[in-house]
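Asker: Could you put together the complete structure from these sequences and hints?
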Amino acid sequence: MVTFQTHKSNPARGPALGIRVLVLMSLSIVLMVLDHRQNYMDTVQRTIGVVVYPIQVVVDAPFRFWHWVRDSTANRGDLQLEVNLLKTERLLTNGRLQRLTALEAENARLRALLEARPHERDEIRVAKIMAVDANPYRHSLVIDIGKRDGVYDGQSIIDADGVVGQVIKTGLATSQAILISDPSHALPVEVSRNGLRTIAIGTGEFDRLDLPFLPNNADIAPGDLLVTSGLGGAFPAGYPVAVVTTVNRIPQQPFADVTAVPSSALDQVREVMLIWSATNATAVDADSETGAADD
Amino acid sequence: MPIVKRAQRMIRNSESRRLPVIVSIVLALMLTIVPHPDWASLFRPDWVALTLIYWAMMLPRRWSVGSAWMVGLVLDVAQGAILGQHALALCFIVFVTVRFHLLMRVFPMSQLTATVFAILALYQFVLFWINGVAHLSASPIHYWAPVIGGTIIWPAVSMLLSGVRMQMQMVR
Numbered sequence: 000m001v002t003f004q005t006h007k008s009n010p011a012r013g014p015a016l017g018i019r020v021l022v023l024m025s026l027s028i029v030l031m032v033l034d035h036r037q038n039y040m041d042t043v044q045r046t047i048g049v050v051v052y053p054i055q056v057v058v059d060a061p062f063r064f065w066h067w068v069r070d071s072t073a074n075r076g077d078l079q080l081e082v083n084l085l086k087t088e089r090l091l092t093n094g095r096l097q098r099l100t101a102l103e104a105e106n107a108r109l110r111a112l113l114e115a116r117p118h119e120r121d122e123i124r125v126a127k128i129m130a131v132d133a134n135p136y137r138h139s140l141v142i143d144i145g146k147r148d149g150v151y152d153g154q155s156i157i158d159a160d161g162v163v164g165q166v167i168k169t170g171l172a173t174s175q176a177i178l179i180s181d182p183s184h185a186l187p188v189e190v191s192r193n194g195l196r197t198i199a200i201g202t203g204e205f206d207r208l209d210l211p212f213l214p215n216n217a218d219i220a221p222g223d224l225l226v227t228s229g230l231g232g233a234f235p236a237g238y239p240v241a242v243v244t245t246v247n248r249i250p251q252q253p254f255a256d257v258t259a260v261p262s263s264a265l266d267q268v269r270e271v272m273l274i275w276s277a278t279n280a281t282a283v284d285a286d287s288e289t290g291a292a293d294d
Numbered sequence: 000m001p002i003v004k005r006a007q008r009m010i011r012n013s014e015s016r017r018l019p020v021i022v023s024i025v026l027a028l029m030l031t032i033v034p035h036p037d038w039a040s041l042f043r044p045d046w047v048a049l050t051l052i053y054w055a056m057m058l059p060r061r062w063s064v065g066s067a068w069m070v071g072l073v074l075d076v077a078q079g080a081i082l083g084q085h086a087l088a089l090c091f092i093v094f095v096t097v098r099f100h101l102l103m104r105v106f107p108m109s110q111l112t113a114t115v116f117a118i119l120a121l122y123q124f125v126l127f128w129i130n131g132v133a134h135l136s137a138s139p140i141h142y143w144a145p146v147i148g149g150t151i152i153w154p155a156v157s158m159l160l161s162g163v164r165m166q167m168q169m170v171r
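Going line by line, the protein sequences match chains A and B.
In terms of numbering that gives the first Met the number 0, the first sequence opens at residue 0 and continues consecutively.
In terms of numbering that gives the first Met the number 0, the second sequence opens at residue 0 and continues consecutively.
Be aware that one or more of the hints could be misleading.
[Claimed, not checked] Covered by chain A, per the in silico footprint, the following chain B stretches (three or more residues, Cβ under 8 Å): (1) 55 to 67; (2) 81 to 88; (3) 110 to 122.
[Stated by the list, open to error] According to the in silico footprint, chain B covers these stretches of chain A (three or more CB under 8 Å from chain B): (4) 40 to 49; (5) 108 to 114.
[As the list claims (entries may be wrong)] A few chain B residues that face chain A, going by a derived Cβ cut-off under 8 Å, partial list only: (6) Val22; (7) Val25; (8) Phe91; (9) Asn130; (10) Ala133; (11) Gln168.
Hints are computed from structural coordinates only; laboratory data are not their basis.
Glycine included, C-beta positions come from ideal geometry on N, C-alpha and C.
Answerer: Put into structure tokens, the structure is as follows:
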């Protein structure tokens with residue numbers, strides 16, 4: 000065979016190609032097993048990430064530059080309009096916040112009366128989404144802060160409207176996150192109206208989540224707001240996730256067919272907030288108080 | 000003094016031989032992570048695989064399975080995939096390419112493109128298979144659409160890289 004002869008006629012290549020390929024492929028398999036089963040490979044990944052980071056920055060740069068140009072060349076009238084809009088919005092939010100402060104104080108007092116642990120405030124930090132496409136098979140995004148800023152695996156990410164996703168891989172200066180709409184993502188939620196708990200699963204579409212584990216007689220209706228329940232410990236409790244859109248009760252099936260639309264526009268976010276949760280433990284016992292279990 | 004000239008050219012070659020290849024691989028990595036427009040994102044070609052297939056076909060002694068494996072590891076980290084997944088897949092298709100490189104070099108473009116189609120399908124199959132073992136499901140279209148995209152773009156990629164290779168007088 001022609002190919003075999005060429006292979007033989009190149010002694011400068013070192014060990015035979017077939018042997019090298021076998022060694023490298025088994026090495027890959029070892030790496031994959033270590034990475035997938037035990038997460039031993041974090042340091043290795045971070046080391047390789049040093050090569051990846053400049054590439055990400057270079058790819059992101061033109062987009063960042065474009066945004067900068069657009070911002071700095073916006074005309075005065077538009078800016079004035081935006082400032083006015085923001086001022087009004089700030090006034091409204093501040094108004095609502097005043098009530099919230101009072102409510103928070105009241106809540107703390109009531110919880111003290113019940114001898115429950117008080118809610119602590121979560122720490123929040125803003126991160127920018129880099130214009131970098133990560134994994135084509137998953138709904139993921141890359142944010143511009145990483146391990147050295149204290150980001151950790153499993154950290155929750157929200158934006159102004161609701162939960163966005165969670166961190167799955169932390170590099171040194173960037174991290175990768177998956178969105179709640181990723182098919183492999185499941186999020187413990189509860190209906191804010193009655194505390195009914197269930198799980199919201201991503202569908203692979205940005206504007207749809209599935210709630211497959213609700214029985215036909217569950218008290219749920221279109222328009223219900225779903226918030227994180229804090230169960231499972233990954234997400235702090237009480238952040239809005241989605242609004243129920245359709246409820247299909249199928250008599251022959253044990254479970255109803257319920258879908259919801261995420262509160263935040265997952266395909267349009269440019270800035271997100273990372274939560275350093277102080278309340279995972281508190282969240283769990285807060286949930287056991289809000290009765291109405293679904294199981 | 001033809002001997003001196005040839006020696007000079009050889010020195011120049013050995014210096015300049017690696018750089019264009021490395022640059023092309025880095026560019027391919029950048030193309031991989033650059034956000035594609037919506038209509039193209041489904042069909043996004045496997046730029047790194049295409050580039051490595053070309054160099055493995057033309058310079059199989061220099062760019063073989065080892066370099067493919069290392070590039071694969073970088074790609075794994077860039078994509079947040081399981082570490083070793085792309086490394087294994089790239090290593091495998093580069094091995095196939097190197098085994099058949101003499102045959103592929105003499106193929107006319109149409110036949111070569113068909114071969115590249117098969118190799119890309121093999122590449123996606125390996126990725127698909129590993130994801131399956133790791134229980135990371137995705138709809139099949141996300142695997143097969145890039146094969147089509149890659150096949151369509153292959154003639155352009157190979158012509159561009161041939162141009163670079165001619166320009167740099169890279170020996171085979």
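Asker: The structure should be examined with respect to each hint, and the outcome stated for every one.
Answerer: Status of the hints after comparison with the structure:
1. 55 to 67: With 4 residues closer than 8 Å to chain A, the segment 55 to 67 of chain B meets the three-residue bar; holds.
2. 81 to 88: It holds: at least three residues are needed, and the segment 81 to 88 of chain B offers 6 whose Cβ sits within less than 8 Å of chain A.
3. 110 to 122: With 0 residues closer than 8 Å to chain A, the segment 110 to 122 of chain B misses the three-residue bar; violated.
4. 40 to 49: holds (count 5)
5. 108 to 114: violated (count 0)
6. Val22: violated, 12 Å
7. Val25: This hint holds: B/Val25 lies near chain A, its Cβ roughly 7 Å from the closest one there, short of 8 Å.
8. Phe91: holds, 7 Å
9. Asn130: Where the cut-off is 8 Å and the nearest Cβ of chain A is about 7 Å from B/Asn130, the hint holds.
10. Ala133: It holds, given that the least Cβ distance between B/Ala133 and chain A is near 5 Å, below 8 Å.
11. Gln168: violated, 20 Å
Going down the numbered hints, you'll see the structure goes against 3, 5, 6, 11, while the others check out.
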